Amino acid sequence: MKKLITISFLCFCITTLFSQTKPVTIIVNGEKIIAYSESHALVIGISNYTYLKKLPGVKKDIAAISKTLRENGFKVITKTDLNKSQIDRAFTDFITRYGQKPDNRLLVYFAGHGYTMTAAYGGDKGYFVPYDAPKPSVDAAGFRAKSIDMSRIEHYATEIQSKHALFVFDACFAGTIFYKGKRGGEEIINYNTKMPVRQFITSGSADEEVPDKSIFREQFVTALTSEYADRNNDGYLTCTELGEFLKEKVIAYGKGIQHPQYGKIRDKYLDKGDFVFVLPKKPQKKYGTIHLKTEISGKLYFDNSFYADIISNSEIIIPRQITGRHTLKIRGSENWTASVTVYKKQTTRIIAKSNSRNKTAGSTFLHNKTGLTMVWTGGGTFQMGSNSSDAYDNEKPVHTVSVGNFSLSQTEITNSQYCKFLNERGNQSEGGATWLDIKSSYCQIEKRGGAYYPKSGKENHPVIKVTWYGAKAYCKWAGGRLPTEAEWQFAAKANSNYKYAGSNNIDEVAWYSGNSGSKSHKVAQKKANAFGLYDMSGNVWEWTEDKWHSNYTGAPTDGSAWTSGSSSYRVHCGGSWRFNARFSRSSVRYDGSPDGSGGRIGFRLCH
1 MKKLITISFL
11 CFCITTLFSQ
21 TKPVTIIVNG
31 EKIIAYSESH
41 ALVIGISNYT
51 YLKKLPGVKK
61 DIAAISKTLR
71 ENGFKVITKT
81 DLNKSQIDRA
91 FTDFITRYGQ
101 KPDNRLLVYF
111 AGHGYTMTAA
121 YGGDKGYFVP
131 YDAPKPSVDA
141 AGFRAKSIDM
151 SRIEHYATEI
161 QSKHALFVFD
171 ACFAGTIFYK
181 GKRGGEEIIN
191 YNTKMPVRQF
201 ITSGSADEEV
211 PDKSIFREQF
221 VTALTSEYAD
231 RNNDGYLTCT
241 ELGEFLKEKV
251 IAYGKGIQHP
261 QYGKIRDKYL
271 DKGDFVFVLP
281 KKPQKKYGTI
291 HLKTEISGKL
301 YFDNSFYADI
311 ISNSEIIIPR
321 QITGRHTLKI
331 RGSENWTASV
341 TVYKKQTTRI
351 IAKSNSRNKT
361 AGSTFLHNKT
371 GLTMVWTGGG
381 TFQMGSNSSD
391 AYDNEKPVHT
401 VSVGNFSLSQ
411 TEITNSQYCK
421 FLNERGNQSE
431 GGATWLDIKS
441 SYCQIEKRGG
451 AYYPKSGKEN
461 HPVIKVTWYG
471 AKAYCKWAGG
481 RLPTEAEWQF
491 AAKANSNYKY
501 AGSNNIDEVA
511 WYSGNSGSKS
521 HKVAQKKANA
531 FGLYDMSGNV
541 WEWTEDKWHS
551 NYTGAPTDGS
561 AWTSGSSSYR
571 VHCGGSWRFN
581 ARFSRSSVRY
591 DGSPDGSGGR
601 IGFRLCH
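Taking my numbering, the leading residue of the sequence shown gets 1, the next gets one more, and so forth.
Careful, some of the hints might be misleading.
Claimed, not checked - Simulated pairs of lysine to any residue, SDA-like, Cα-Cα distance not exceeding 25 Å:
no.	residue 1	residue 2
1	Lys22	Asp103
2	Lys255	Lys476
3	Lys299	Ser560
4	Lys54	Ala145
5	Lys519	Cys443
6	Lys146	Leu52
7	Lys60	Leu279
8	Lys527	Asn423
9	Lys60	Pro280
10	Lys476	Tyr453
11	Lys458	Asn427
12	Lys527	Gly362
13	Lys146	Tyr51
14	Lys299	Phe382
15	Lys344	Phe306
16	Lys281	Asp234
17	Lys247	Ile322
18	Lys396	Asn335
19	Lys84	Lys194
20	Lys194	Tyr51
21	Lys396	Arg582
22	Lys458	Tyr442
23	Lys255	Phe94
24	Lys420	Thr373
25	Lys272	Lys359
26	Lys272	Ile27
27	Lys101	Pro23
28	Lys67	Pro211
29	Lys285	Asn233
30	Lys281	Arg349
31	Lys299	Lys359
32	Lys285	Thr373
33	Lys345	Thr327
34	Lys255	Ala145
35	Lys299	Arg425
36	Lys59	Lys213
As the list claims (entries may be wrong) - Derived DEER-like restraints, expressed as beta-carbon distance ranges:
no.	residue 1	residue 2	range
37	Ala140	Lys272	35 to 43 Å
38	Pro319	Gly565	29 to 37 Å
39	Arg349	Asp103	51 to 59 Å
40	Thr222	Arg349	47 to 55 Å
Keep in mind that the hints were calculated from the coordinates and are not lab data. On a predicted model such as this, the values are computed, not experimentally measured, just so you know. Where a beta carbon is used, it is the ideal one built from N, C-alpha and C, also for glycine.
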């Protein structure tokens, strides 16, 4: 029998060359608000987990954090790959040595795995995880015994005698010992700032997975080394400002996969003040403004960072930009890139011109990634909804909508086309269901030998049993998106007054209950509409981006998706082989749960 010999831990310390840190004085309007006599930081990183996923990126994170804190005036102790007792000793030694002087400021930074467990008596408890803790799903009791829960952190926090202490966790778990910060006005340093405080920042909330390449760490360093998080431009960074900056940037740059939390301890004696950093003095920068007029809709990127969603034929002001050269990009209905120079106290004007002048509605092109035939619909103004005698109340009121340029796949996405996506991405779970309900007997895709294939004879039928999440995931994978409801209806009507998409004779353009034989059919077997789009009426319903509303009162008029409102349901359009002719009209709309995977709902790609 082999014996497992475990090396206890790898631990090393990095300290500054000086035994004492320099005093820090916070002066506002000529008045001394806070004087920190010493500044100390304990940085703990766990990367070489025994039973959990290893985190090699943590090594870079703690090196970058340690360097940044030293440059900000902290004496830093850095430790790696500790077990529970070693973490406890590190905290105890740190607090005993540096946390007894009232005018010291203390910062603790942890990078590693975090976890939230529900206690038997109810309620969630957050843990940060030492290197040797077992998997909680395998050994819950052993995990609790070997991990550090938030009540222990609370104990550490209250043992500190120094007025200001900040705990930063680059890990996701439930922060039950602190109340979450709420954005108020500008975080102005005042008399209350110097009151005692214990503050906490976590890189995510419960049940979120933090990527090993830490966006949180990158933005933490940015906040301490630049003026970007200093919201009132006073040269100081409060923890409240830091928490709000991290929350905003990590959510944006991480595309919503993690949601940082920040707040103060639930203790009436320790929740009044605010931890303060002194930002490095930078040369005074010169700023100008960019005025962009765009003929293109899509996502606007400024110096390769997402800036805003924009619509065609609109204008946007980008204020307070540093003088010099910058790059603007639009990714959407068309791709556009330009270099622009900003001058001091001047407005630089630029136009993002569309190439659509050289295109006509109905022209086609091949999609680079998927090989799909895409149809350019252009854009324009139309009457959305219907006042016809067979219109439903949810199709009213009829209202004028202007949509920008876009393109749609010529047909609904087929089983063969969706299999290419599944074979690259897998059939993942989202919104409480898998993207494709492959277990359903109605599903026309099957899994054999680890790969996905259309069932025989169903290769060119529209994919069904796909959730709204599954449709959206495909479009994102393809570099596009789902159409908005307004775009879908504009494309279906195709600048005509036909009842159905391409004709007043439903049998010419649609598979519906009257001619389908109670089944779906191959795409593109019926007549196309004026734009050259097939099956916009009938065959299968098609998901759109919009949330469901019972009528059009208050609907957007710019062609954008209607995503506000309390309903979680999403709109699908066009009718199907199972429904009668009335449901195949171009203006018909229906609601469906986004995690639902009906046997009569598919989708198409929009760009």
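Quick rundown of the hints versus the structure:
{"no.": "1", "hint": "Lys22 - Asp103", "result": "holds, 12 Å"}
{"no.": "2", "hint": "Lys255 - Lys476", "result": "holds, 12 Å"}
{"no.": "3", "hint": "Lys299 - Ser560", "result": "holds, 13 Å"}
{"no.": "4", "hint": "Lys54 - Ala145", "result": "holds, 20 Å"}
{"no.": "5", "hint": "Lys519 - Cys443", "result": "holds, 12 Å"}
{"no.": "6", "hint": "Lys146 - Leu52", "result": "holds, 13 Å"}
{"no.": "7", "hint": "Lys60 - Leu279", "result": "holds, 23 Å"}
{"no.": "8", "hint": "Lys527 - Asn423", "result": "violated, 32 Å"}
{"no.": "9", "hint": "Lys60 - Pro280", "result": "holds, 22 Å"}
{"no.": "10", "hint": "Lys476 - Tyr453", "result": "holds, 21 Å"}
{"no.": "11", "hint": "Lys458 - Asn427", "result": "holds, 19 Å"}
{"no.": "12", "hint": "Lys527 - Gly362", "result": "holds, 14 Å"}
{"no.": "13", "hint": "Lys146 - Tyr51", "result": "holds, 12 Å"}
{"no.": "14", "hint": "Lys299 - Phe382", "result": "holds, 24 Å"}
{"no.": "15", "hint": "Lys344 - Phe306", "result": "holds, 24 Å"}
{"no.": "16", "hint": "Lys281 - Asp234", "result": "holds, 11 Å"}
{"no.": "17", "hint": "Lys247 - Ile322", "result": "holds, 24 Å"}
{"no.": "18", "hint": "Lys396 - Asn335", "result": "violated, 35 Å"}
{"no.": "19", "hint": "Lys84 - Lys194", "result": "violated, 33 Å"}
{"no.": "20", "hint": "Lys194 - Tyr51", "result": "violated, 43 Å"}
{"no.": "21", "hint": "Lys396 - Arg582", "result": "holds, 16 Å"}
{"no.": "22", "hint": "Lys458 - Tyr442", "result": "holds, 12 Å"}
{"no.": "23", "hint": "Lys255 - Phe94", "result": "violated, 36 Å"}
{"no.": "24", "hint": "Lys420 - Thr373", "result": "holds, 16 Å"}
{"no.": "25", "hint": "Lys272 - Lys359", "result": "violated, 62 Å"}
{"no.": "26", "hint": "Lys272 - Ile27", "result": "holds, 19 Å"}
{"no.": "27", "hint": "Lys101 - Pro23", "result": "holds, 13 Å"}
{"no.": "28", "hint": "Lys67 - Pro211", "result": "holds, 22 Å"}
{"no.": "29", "hint": "Lys285 - Asn233", "result": "holds, 12 Å"}
{"no.": "30", "hint": "Lys281 - Arg349", "result": "violated, 31 Å"}
{"no.": "31", "hint": "Lys299 - Lys359", "result": "holds, 21 Å"}
{"no.": "32", "hint": "Lys285 - Thr373", "result": "violated, 49 Å"}
{"no.": "33", "hint": "Lys345 - Thr327", "result": "holds, 19 Å"}
{"no.": "34", "hint": "Lys255 - Ala145", "result": "violated, 35 Å"}
{"no.": "35", "hint": "Lys299 - Arg425", "result": "holds, 24 Å"}
{"no.": "36", "hint": "Lys59 - Lys213", "result": "holds, 10 Å"}
{"no.": "37", "hint": "Ala140 - Lys272: 35 to 43 Å", "result": "holds, 38 Å"}
{"no.": "38", "hint": "Pro319 - Gly565: 29 to 37 Å", "result": "holds, 31 Å"}
{"no.": "39", "hint": "Arg349 - Asp103: 51 to 59 Å", "result": "holds, 53 Å"}
{"no.": "40", "hint": "Thr222 - Arg349: 47 to 55 Å", "result": "violated, 30 Å"}
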